[in-house]
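Student: Listed below are the residues making up each chain.
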Amino acid sequence: MFADNDRISQRQLLRQMILALLGAWLLFLAGGVCQAGQNGLAGMALGFLLLAGWLLLLIRNAGVYENMEHYIGKAGRLLVIIVYLSFLVLTGSFLLRKISSLCGEYLISGISPEFLGLLLLLAAGAGIRNDIQQRARLAEIFYPFVMAGFVLMLILAAFHMRAESFADAAAFSLTEVAREGWRTLGAGAVLAVLPFLLGQVEQEKRLKKPLLEGLGKVWLFLTAAAVILIGTFGLEGVRRMEVPVIQLMAGTRLPGKFLERFDIVWLALLLCSILFALGSLLFYGIHLTGMRGDKGRIFRAAMGALIYGGSVLGQEGSRMEQWYPLMAERFYLPFFLILTLALRIFSRRTGKKRR
Amino acid sequence: MKKTDKTQAAEKTGKAQKTGGNTKSCGTVGKISVSLDENEAWLKERCANCADIMMHKMYLGREADVAALLVFGEVTVTNTLLEDSLIGKMMNELREVPSGELAGVLDSNALGVADTIAYEDRELALAALLAGNAVLFLDGYPKAVKIASKGYPAMVVQKADTEKALRGSRESFTESVKLNEALVRKRIRNTGLKVEEITLGKRSATVTALVYMEDLIYPEILERIRQEIGQWEIDGVFDTGMLEQLCQKHWLSPFPQFETTERPDRAAMEVLNGRILFLCDNSPTALVFPTTFNDFMQVSEDRYHWFGMVTFLRVLRYLAMAAALMISGCYLAVTCFHTQILPTNLLLSFAEARKGVPFPGIIEILLMEMAFELIREAGVRMPGPLGGTIGIVGGLIIGDAAVSANLVSPMTVVVVAFSALSSFAIPKEEFTVPFRLLKYGFIFLGGFFGIFGIVLGIYLLLGHLAGLTSFGIPYLMPFVGKGLEDYRDPGDDLVRLPFHLLTLRPVFARRHQRVRMRRKGEKDVRGQ
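Here the protein sequences line up with chains C and A, keeping their order. Using the working numbering, the first residue of the first sequence is number 1, and each one after it goes up by one. Using the working numbering, the first residue of the second sequence is number 1, and each one after it goes up by one.
Chain C on its own, in the form it takes in the complex (with noise of 0.2 angstroms):
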């Protein structure tokens, strides 16, 4: 019958990719590479192309990922899973964390962010549960109401843009660019997981084209952004907003003026990609572990507990929303890069002993 065999097409993985990344880089990376000036743009560029050029080695790599085991042994394989899945509840911890104190600042003031968390948590887990397929269908009905509202805000506040803006511009630093293409690596750490994934998906030896599209229109949308940014606020402007992102926003209205602001809009619409966002760290630690059944479920309800418990700490005070990126930048990127290149490395010998 048709589709009943838990894959998914390339359609759906190009836009569970873009889904899932757009929200939060939008949030979180274009804001933080538009204050660096053309050095941020240079550097995510950079970043990029990076990130395109691990993209590759992963899906090269995508059946020694699945078959780990017989590369570097169980005991190698744990540690390996056990990486990600602190990697996983991490970058769960920290998307809730910020995502929920965003909301109970400019979407719904009077409840605390630990509670808005909590429901934001059980709507990501329960939209999307353990089923890939289902995962992907909701990408598939979620993407083209995101994307049409993004590419409209980006539209409309483009208007607001002003020439002098691009006066003052950052002096080029060679530093300061490596310095944001790490960081766009950093922040690109989360593709680590995809080659978990690929093995279901339709065609699988012809993935380069849609992953390499996805990450395109994701870097053409954070760049549109991040010169958008600059070009309404201005470099000094930029850099004294916390989130720059919702002050573009708030700026940006429709023509007609029927309604008053519409910054509630374009935040409800970035709120559902961060919803999928949190849901597929949930099934991605699922995934990883290949749990199924009711002890899915238990793994699955743990992992929340873990995501919402490092939510509420890292809101007392740990400063999670500063250390949270430097793990990411000086561990886990790190350690990813060093796994896809031994894999790598691991599969080419067994290749030539087994020739």
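In short, the hints are calculated from the structure, not lab data. Just so you know, these numbers come straight off a predicted model, no measurement behind them. By construction, the Cβ of each residue, glycine as well, lies at the ideal position given by its N, Cα and C atoms. There may be inaccurate statements among the hints.
[Unchecked claim] So these bits of chain A aren't anywhere near chain C, every CB distance computed over 12 angstroms: (1) Arg46; (2) Ile53; (3) Thr162; (4) Gly168; (5) His338; (6) Pro410; (7) Phe448; (8) Pro474; (9) Met477; (10) Lys520.
[Stated by the list, open to error] Within a straight-line C-alpha distance of at most 30 angstroms, the following computed DSSO-like cross-link-like pairs (lysine-lysine) qualify: (11) Lys217(C) x Lys44(A); (12) Lys482(A) x Lys208(C); (13) Lys209(C) x Lys249(A); (14) Lys482(A) x Lys205(C); (15) Lys295(C) x Lys249(A).
[As the list claims (entries may be wrong)] Sample of chain A residues lacking proximity to chain C, with all beta carbon distances greater than 10 angstroms (derived): (16) Asn49; (17) Gly88; (18) Glu101; (19) Asp161; (20) Gly391; (21) Phe424; (22) Ala425; (23) Glu430; (24) Leu437; (25) Gly463; (26) Gly521.
Assemble chain A onto chain C, guided by the hints.
Tutor: For chain A alone, coordinates are given in the frame of chain C:
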């Protein structure tokens, strides 16, 4: 109506017919005796206190020396026995046959009567009797002959009542499964159209029928429905609604996983799309499956009109669906949490309208929604034109009185009325149910958490729909799944392509049977 080979063979030989659900046999399987007395005694025992079952003893053959027993239901067999009816004429003919040849004449159906079957099994003969036929027993003849007559009283073909259409056939399904099968066959005169009859209900012995195009459907779906039905033992089946609930995989979901129709033209169209029709005796409503979200938003005449208008109407229906679900919740979210969205003038008029209303917004909305639900329910149950009057008068009076008494603001009445009106724009009644129910969820979410709650609601709802399938087909097709297993969009969803471009069948049809139409001698205009 043609039955499947298996069924036909079983009937011809008079052997026990195996069915997907409960079988026709209701007790011990026994052969018909050569002795009429034994058969009569058995029948009298089985039909004791059944005043509506008549037994006429008579003597047949030229010499009038062969005892016979004609058994029939009182109303099911025509009264003008001797003169006009098939049974009457047959009896008259049998009186002219030499007594020694009676058995041979009946065995070889030498009288040429079209609808007779000879049964060797008592229970099958009894089942034929209870199905509305006359059954003839003959002394010295170890079989019983079923002779068809007018059968149980049923309504004739009438105008479709709940699925009104401005263009297209006016016919509606009736309460007779046989007639309904004929109404579909009338539209698809092809032996590829298979009708598989299954008797369900241990006590009701209701005839149901699966109707499908053999080469278009996925055989796994047919097998799955047979299994679903076969796993139940039920005393009576009186409507397709009972079958629907028995066979729903996601029974907790408020979204229907079977589509219903009372229009034979729609049913035939769907059969040609590779879907399966499930008919049930005594029910004028046919089930169509597998089904998707999009199917509930279409009407039969969508195919008959110009594509631009159809597209416009479909967009309107989808907007109405969203409004029916969320407008009350969004109104609460905006007025309680996000007043900054509204232009100042509108905000002031909202505030002015709410002046003097003692309840919070959420109570206001709930009061009005419940009032509308009551009016709707009362209107449905009221007989004839009184129902419509109750709806209009009730709406006007209650709305006006509630505003005058400062119980609710005029804006709330407008919002709730708009929400109710939108729910009526959803073409299928069964599909309005989830939206009518889920609306309350959105009212609470919007009322307590504003847009944040609405977004969570939308995400959960779409997540639920994304996980839903109907016999393996994703519920959100054709909006999802493009490119999966070479699936190509037929162009018949929110936007309907011009008719000459509707060359592909939907996802229900087998992968290699997806071309519905092409110019003669050409490949499919869309490249297949």
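Student: Could you run down the list of hints and mark each one as holding or not?
Tutor: Results of checking the hints against the structure:
1. Arg46: holds, 45 angstroms
2. Ile53: Fine: 46 angstroms to the nearest Cβ keeps Ile53(A) off the interface.
3. Thr162: holds, 30 angstroms
4. Gly168: holds, 29 angstroms
5. His338: violated, 5 angstroms
6. Pro410: holds, 20 angstroms
7. Phe448: violated, 9 angstroms
8. Pro474: violated, 6 angstroms
9. Met477: Per Cβ check, Met477(A) is inside 12 angstroms of chain C; nearest 8 angstroms; violated.
10. Lys520: holds, 30 angstroms
11. Lys217(C) x Lys44(A): violated, 81 angstroms
12. Lys482(A) x Lys208(C): Holds: Lys482(A) and Lys208(C) sit about 19 angstroms apart, inside 30 angstroms.
13. Lys209(C) x Lys249(A): violated, 37 angstroms
14. Lys482(A) x Lys205(C): holds, 19 angstroms
15. Lys295(C) x Lys249(A): holds, 22 angstroms
16. Asn49: holds, 50 angstroms
17. Gly88: holds, 52 angstroms
18. Glu101: The claim stands: Glu101(A) keeps its Cβ more than 10 angstroms from every Cβ of chain C (closest is about 56 angstroms).
19. Asp161: Fine: 34 angstroms to the nearest Cβ keeps Asp161(A) off the interface.
20. Gly391: Label holds. Min Cβ-Cβ 32 angstroms, cutoff 10 angstroms.
21. Phe424: Since the minimum Cβ distance to chain C is about 25 angstroms, Phe424(A) lies beyond 10 angstroms and the statement holds.
22. Ala425: For Ala425(A), whose nearest Cβ neighbour in chain C is about 21 angstroms away, the distance exceeds 10 angstroms, so it holds.
23. Glu430: Glu430(A) is indeed farther than 10 angstroms from all Cβ atoms of chain C, at 22 angstroms.
24. Leu437: holds, 18 angstroms
25. Gly463: Check fails; 3 angstroms does not lie beyond 10 angstroms.
26. Gly521: Label holds. Min Cβ-Cβ 30 angstroms, cutoff 10 angstroms.
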